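**Student:** The chain contents come next:
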Amino acid sequence: MTGGTKAQLFTLDLLLALIPLTIALGMSANAISGVATQVQDYTYWYSYHRMVNDAMDVIIKTPGEPPDWNSINPPTTLGLANYTNTSGVGPYYLDSRKVGALNASINGGLLYQVCLSRLLGNETFPYLSLSFLGATENTTDLSITYGSGSRANALNIYAVERLALLDIEKIVSIMEEVGHFETNATPCCGNPGGGTRVYNETFFISSGDLSLYDYWLYGELQSGTVTNKYGIAPGLAGTGCNCTGGTFNNLDNPDPDVKKSIDTELVENSDNILFVRPKGNGQANYYIIRVPVGTPSELILPEIAGAKPIKVILEVGR
Amino acid sequence: MSRAFIFTMDAVLALIPVFILMGSVSILSGGEAIHLQAQTMDLSHWTGDALAVLEKQGTLDDLGRMFANYTKLKKDGDSAWQDERDNLLTLVNTTLSPMIPEYLGYGVDFWGQYPNGTEYIDLEFTTDNRTLAGAERPYENESNSIEAAAKLVSGYEKEKPTKGCIARASLIDLSKTTTKVVSFNPQGSGWGINNVEIEKRFELPSDANITNATFYISIHTGDPDTELHELTVNGMDMRDRISWTYPWQGTGIFQSGAFGVASVTNLITPGTNSVRMVFEHSNFHSHIHPGMRLEITHETAQSQSTSMTQRFYFDSTLGRTGAWQTLDFYIPQGAVVGAATLYLHAEGIDDRYSIEVNGNLVANCFSSCAITYDNTSNIKSYIQNGTNVISAFFDCYGDSQYGSGTAEISNSSYVEIQYASLPQTTYGYLDFTKVLQFGGSSSDPKETSFFIPGTHDPISEAFVHMAQIYSWELRLQAWAQGDSPTTVFESSSPREVPDSVFIDPQILESNQTNYVRATDTGCACDFLPESIIEYTHLIPSLVPFGVVFDDCTGHERTVYYDVDEDEVADGSNLVSGSAGTFNPLLDGKDNALQRLLDELNTYETANASGVSGSEFNPIDIELIDIDFEGEGIGDVPYMWGPLKIRIRIWR
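Protein chains in written order, with my numbering: chain F, 1 to 318; chain A, 319 to 969.
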């Protein structure tokens with residue numbers, strides 16, 4: 001009996017001692033499981049973050065494959081960097097024609113959807129967005145976004161923001177401070193000192209350019225009041241230079257703040273001419289602006305012409 | 319039991335390091351480390367991308383060139399280094415600030431290299447001290463992650479030799495011929511047979527070499543032969559020198575104006591000069607009319623200092639029985655006036671006085687006035703950019719109406735303008751003044767046109783000095799060809815006719831025909847052909863350091879000039895240097911001088927041939943005593959690099 005009491009005591013002691021041990025082991029097992037889950041989550045997030053970063057690296061630093069791809073001949077690997085046969089690849093310098101072609105329809109959907117998916121491990125993402133935003137004080141109007149799906153419905157968003165240069169617009173012809181007494185140019189007809197006269201600026205359109213680019217006539221009032229008339233004419237200088245009255249062509253309009261697509265007025269492999277017949281007491285500027293096909297009209301602004309720093313933002317949502 | 323207890327305690331104690339180890343693994347392997355890793359990768363992209371974009375844009379090279387100029391200017395003790403530093407800061411701000419998101423802080427460092435190869439850091443721009451834009455950006459010492467990237471740039475042209483000569487040339491010590499117009503305020507008066515006494519003092523630079531001085535006299539008087547009792551320049555009587563272009567015609571109010579011209583070249587001296595005159599009019603007022611002035615052509619060294627306080631003094635006018643004066647002065651466009659004070663001292667007041675600033679009444683009295691007026695008035699609210707006119711009338715009319723005895727405006731009276739800020743002078747430019755006469759015949763209105771040459775020279779200021787035999791109220795308009803006339807001045811009350819009217823330079827245009835039209839809106843009073851336009855335009859005065867050359871000798875060079883823009887060289891000057899062939903393609907100093915001459919050749923000569931400064935392609939100013947600064951700096955290799963520009967970004 002005495003020995004039995006001892007054994008019972010021993011057993012109870014052991015049981016009591018096992019309670020904290022069991023609790024400790026349980027907590028440890030739970031912690032290990034939580035850490036594993038957490039690490040798994042972070043690793044999962046990081047791998048997507050890394051994947052999106054790597055995709056962006058390819059986009060801004062490589063020209064894609066083939067390097068001179070376009071909407072007709074879409075890339076197998078998407079890259080937007082500039083490429084020429086003479087200078088090779090220009091990392092960080094994005095080709096505006098490639099940016100303009102991102103929305104083209106190709107086999108499998110839109111070009112940016114198909115090609116981004118390839119860069120992201122052939123996975124289909126319910127939310128996808130690729131944006132190009134001006135990154136200088138005077139290019140805040142520069143904003144291009146290609147996107148699909150709902151950002152609000154995405155559970156997780158993996159985003160990366162990088163810097164690059166984009167030459168979305170080129171000013172191919174310019175006529176500045178055109179006024180009734182404009183004197184810095186020689187009129188094609190009329191007297192430079194006064195009276196009715198017409199000024200002209202010639203620009204050349206190469207073969208095939210009208211399929212790659214859109215051309216716009218952009219006018220902006222500088223001072224005073226003007227009722228300038230303007231027009232576009234292809235062919236030889238002198239055509240449309242009419243100081244005796246009449247109109248130019250269907251662009252004839254006395255509004256200086258014009259923004260109009262002029263593709264139908266232009267002829268490839270030929271000189272084309274912008275005419276302005278100044279009227280009124282003020283001055284206005286006129287630009288012929290070239291942009292990739294399909295560039296929206298709100299982006300037709302002379303101040304964003306030339307290579308400008310931009311932020312390229314890629315967002316992927318699951 | 320104690321064994322079991324000991325066993326249990328052993329187990330628990332043994333588990334403690336196990337728990338610590340597990341906790342550490344949890345922290346190290348979990349979010350913090352991964353998050354930090356991702357954040358570092360993002361910052362690394364920002365720094366790398368920013369440098370790459372700046373390099374592609376050419377901005378890195380611009381920064382390098384500006385930094386090189388900054389170090390050179392600072393080394394020379396030239397105060398312009400601060401401008402260059404500010405330019406550098408502005409460029410960093412305008413390019414980087416829009417690129418880098420507001421939640422990141424950033425800094426830009428410039429690392430140069432001493433000749434012994436050791437590096438030094440200069441100009442650590444950072445958002446911490448808010449020299450870089452972004453009030454909400456985080457501070458560096460509070461950040462938990464920072465990334466830096468650097469690129470080597472050359473201060474000057476890439477792939478050039480690291481030893482040799484670079485040079486610049488400047489016209490800081492250029493001697494120039496300029497014309498100073500000393501205006502006489504319309505003022506008076508003597509009533510009837512009583513004299514008016516007027517004294518004016520003015521300053522010329524102490525180093526002025528006076529080559530011509532012409533005095534234009536425009537007065538309302540009795541017969542000058544008998545009633546112009548005194549007209550002296552620096553104490554020397556000059557009445558015999560006057561040729562009366564528009565002679566006195568009689569005692570009637572409209573006949574008694576006279577306008578004449580006299581050469582006083584040998585009477586004007588550098589430093590302080592004085593003109594004193596005493597005259598009467600037997601029937602009416604004797605007083606000075608608009609158009610009275612001294613035109614002094616002189617050579618002087620340029621001074622680029624601009625004072626933040628300016629005083630414009632009244633002339634001394636002793637009238638019998640009244641004294642009046644209109645003082646005109648101009649406030650540059652863009653200047654912000656901090657304070658404006660009018661101090662006026664007049665004595666001998668009997669009946670009344672009236673003081674106005676730009677038509678705004680400052681003080682008046684119509685009866686029982688104190689005999690002495692001595693007051694300081696705050697006139698800031700009446701001051702405007704452009705032409706300002708102060709009219710001060712004390713008694714003024716004959717004893718039968720107002721006044722008695724004499725009244726005097728003291729030449730201790732003044733207007734003092736304190737500027738809160740002045741428009742920035744354009745660094746690297748010198749001003750050059752030209753005077754043109756209206757010409758033609760007398761008329762009202764009178765209009766003239768004049769061509770301002772140059773394709774890129776800014777006009778800094780312009781004045782019109784109208785001359786009249788009789789005047790009442792002035793309206794002056796100006797415009798450039800193709801623009802509508804702009805009224806630049808209009809009298810707000812009778813007799814408020816300034817001698818000098820300021821034209822906003824924005825109205826005029828270089829390389830363009832410009833027009834000025836004057837109208838007397840109070841009477842049909844002709845303006846004389848001797849009326850003048852005086853305009854100052856800026857000419858480039860320096861060229862920066864150029865590329866590296868092997869030689870740094872500097873050879874003599876004959877420079878032709880055409881100052882009257884008739885497209886024919888008017889003469890030439892020899893710019894001193896070593897004997898030998900002037901070769902801007904091989905010699906750094908020659909190259910700097912040639913680049914400077916290109917800058918000074920602003921008026922495009924038709925059918926020009928040869929380089930700027932040659933006989934058939936002359937420059938547009940006469941280099942009487944050019945001191946061009948050019949030096950070899952071959953012993954300062956860090957001037958052209960390698961320069962390291964580092965961008966740091968933190969979060």
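Hints listed in this document are in silico derivations from the structure and should not be mistaken for laboratory results. Owing to the predicted nature of the structure, the values given are computational and were not obtained by experimental measurement. Take the hints with a grain of salt, since some may be wrong.
[Claimed, not checked] List of simulated lysine to any residue pairs, SDA-like, C-alpha gap at most 25 Å:
1. Lys311/F with Phe630/A
2. Lys962/A with Ile72/F
3. Lys311/F with Thr412/A
4. Lys311/F with Ser600/A
5. Lys374/A with Ile72/F
6. Lys61/F with Ile72/F
7. Lys752/A with Lys61/F
**Student:** Decide, hint by hint, whether the structure agrees.
**Tutor:** Evaluation of the provided hints:
Among the hinted pairs, Lys311/F with Phe630/A is inconsistent with the structure: their alpha-carbon atoms are about 55 Å apart, more than 25 Å. Note on Lys962/A and Ile72/F: the hinted pairing is violated, with a Cα-Cα distance of about 44 Å set against a maximum of 25 Å. About 15 Å separates the Cα atoms of Lys311/F and Thr412/A, which keeps this hinted pair within 25 Å; it holds. In summary, the hint linking Lys311/F to Ser600/A is not supported, as the alpha carbons are separated by about 83 Å, beyond the 25 Å threshold.
Distance check on the hinted pair: Lys374/A and Ile72/F sit about 29 Å apart at the alpha-carbon level, beyond 25 Å; violated. Among the hinted pairs, Lys61/F with Ile72/F is consistent with the structure: their alpha-carbon atoms are about 22 Å apart, no more than 25 Å. Under the criterion of a C-alpha separation no larger than 25 Å, the hint pairing Lys752/A with Lys61/F is inconsistent with the structure, at around 57 Å.
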